[in-house]
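Numbering of the sequence shown is given in my numbering, commencing with residue 1 and proceeding in unit increments.
Just so you know, not all the hints are guaranteed correct.
[To be verified] What follows is a set of in silico ranges between Cβ atoms, one per label pair, in the way DEER data are often shown: (1) Val28 / Ser85: 29 to 35 angstroms; (2) Asp107 / Gly44: 28 to 34 angstroms; (3) Tyr120 / Asp52: 15 to 21 angstroms; (4) Thr82 / Glu108: 16 to 22 angstroms.
Derived from the structure by calculation, the hints contain no laboratory data. No residue lacks a Cβ here, since even glycine has one placed at the ideal position from N, Cα and C.
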Amino acid sequence: QAARTLMPSGGRTMAMAAAPMTPGEDTVRAWLVTANGEIPLREGVQTFGRRDGNDVVVADPYVSGSHGTIDLTPDAVYFTDTGSSNGTSVNGAKLATGQRTRIQDGDEIQIGQLTLRIRYRGA
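Modelling step: build the complete structure from the supplied sequences, incorporating the hints.
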């Protein structure tokens, strides 16, 4: 699957080169929501950061090369900062490195200059 790229755009987040949906699109249970669209999340752990090779590449100088992970489990979405330089906040609360945080529908996630949200199916 191709990486999805997020870029800041005048204080907004712009999703670029989102991977096309594959068969089974109706099984998607959560999306990463940006100011300009939504990226479907797949089951399991997805890496995000500035460096190529991440599942979600964030083109923002304030995002670390390997910033963190998004983990979609059968029950929830979890966000973990894996040691970024500038940190990650959820609803204004800074996450400790390695802190696995359950994300509720609509929670605001701040990484670098980007503000993201998670949307669950049916919410």
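inquiry  = For the hint 29 to 35 angstroms, verify it against the beta carbon of Val28 and that of Ser85.
reply    = With a Cβ separation near 31 angstroms, Val28 and Ser85 satisfy 29 to 35 angstroms, so the hint holds.
key: Assessment of proposed distance window 15 to 21 angstroms (beta carbons of Tyr120, Asp52)   = 29 angstroms, violated
request  = Go ahead and decide if the range 16 to 22 angstroms is satisfied by the Cβ distance of Thr82 to Glu108.
outcome  = 20 angstroms, holds
query = Between Asp107 and Gly44, does the C-beta distance stay in 28 to 34 angstroms?
reply = Because 20 angstroms falls outside the window, the suggested range is violated.
The structure fails to meet hints 2, 3 from the earlier list, while all remaining hints are met.
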